[in-house]
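For the record, the sequence lines run as chains R and W.
Start counting the first sequence at 334; every next residue gets the next number (the working numbering).
Start counting the second sequence at 7; every next residue gets the next number (the working numbering).
Honestly, the hints are just simulated from the structure, not real lab data.
Hints should not be assumed to be uniformly reliable.
As the list claims (entries may be wrong) - Derived pair list, reagent style DMTMM-like, types lysine to aspartate or glutamate, alpha-carbon separation capped at 20 Å:
hint	chain 1	residue 1	chain 2	residue 2
1	R	Lys374	W	Asp72
2	W	Lys98	R	Asp360
3	R	Lys374	W	Glu11
What the hints assert, rightly or not - Now the stretches of chain R that chain W is said to cover, found in silico as 3 or more residues with beta-carbon under 8 Å:
hint	region
4	360-374
5	440-450
Glycine included, C-beta positions come from ideal geometry on N, C-alpha and C.
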Amino acid sequence: GAVVSQHPSWVICKSGTSVKIECRSLDFQATTMFWYRQFPKQSLMLMATSNEGSKATYEQGVEKDKFLINHASLTLSTLTVTSAHPEDSSFYICSARDRLGQGYGYTFGSGTRLTVV
Amino acid sequence: QKEVEQDPGPLSVPEGAIVSLNCTYSNSAFQYFMWYRQYSRKGPELLMYTYSSGNKEDGRFTAQVDKSSKYISLFIRDSQPSDSATYLCAMKNTGNQFYFGTGTSLTVIP
Chain R
334 GAVVSQHPSW VICKSGTSVK IECRSLDFQA TTMFWYRQFP KQSLMLMATS
384 NEGSKATYEQ GVEKDKFLIN HASLTLSTLT VTSAHPEDSS FYICSARDRL
434 GQGYGYTFGS GTRLTVV
Chain W
7 QKEVEQDPGP LSVPEGAIVS LNCTYSNSAF QYFMWYRQYS RKGPELLMYT
57 YSSGNKEDGR FTAQVDKSSK YISLFIRDSQ PSDSATYLCA MKNTGNQFYF
107 GTGTSLTVIP
């Protein structure tokens, strides 16, 4: 089945630094990738949608200059949290949509737990 | 009002019990209904995927969708300790945006 690899699975960084999270579709091409954030005991909240080769579309309330998204190829999207602060500590999850729309079509990554100290 | 409402639990059942998980929603445009299982510190794993109303069965899992009542359910038969996880419902219309419930934490006690 379709697999989405997300890396790293966890990261600890100092306040003020930047962190990059990668999301790769391993056995399919992803036209569209999605980035979610999940706080403890809360649901997944969509942060942004990215299409290969174009600018990401951010949800209301999500700072595009703080959460930089690059979707340079059909198999890779990156999320960079710039000038991270403790309130950015969360579980970040990507999802990818199969370009060919095979089967269900959407596959989630395993998530990245970010802790900003 | 939230788009999707889900009782967060926690829900604790003995091994072998039948588990019933539910979500309600407000947007009648939703056409696709999903159930995910999420283990601690992991991404959601798709369990069931249903289009429109009706029932769908896969092994020990049965998903039901009642669009007239805006109510969906997931039943787990012969529950196992390995079923202990958080179960998220999600739904969408024809676009890409998913609307998730907050998840129900389930513990199956051996």
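A quick look at each hint next to the structure:
1. Proposed proximity of Lys374/R and Asp72/W is contradicted: the alpha carbons are some 26 Å apart, above 20 Å.
2. Among the hinted pairs, Lys98/W with Asp360/R is inconsistent with the structure: their alpha-carbon atoms are about 25 Å apart, more than 20 Å.
3. This hinted pair checks out: Lys374/R and Glu11/W have alpha carbons roughly 14 Å apart, not beyond 20 Å.
4. Note: the region 360-374 of chain R has 3 residues with beta-carbon separation from chain W under 8 Å; the three-residue rule is met and the coverage holds.
5. Counting residues of the region 440-450 of chain R whose CB lies closer than 8 Å to any CB of chain W gives 6, so the stated coverage by that chain holds, three being the minimum.
The structure shown violates the earlier hints numbered 1 and 2.
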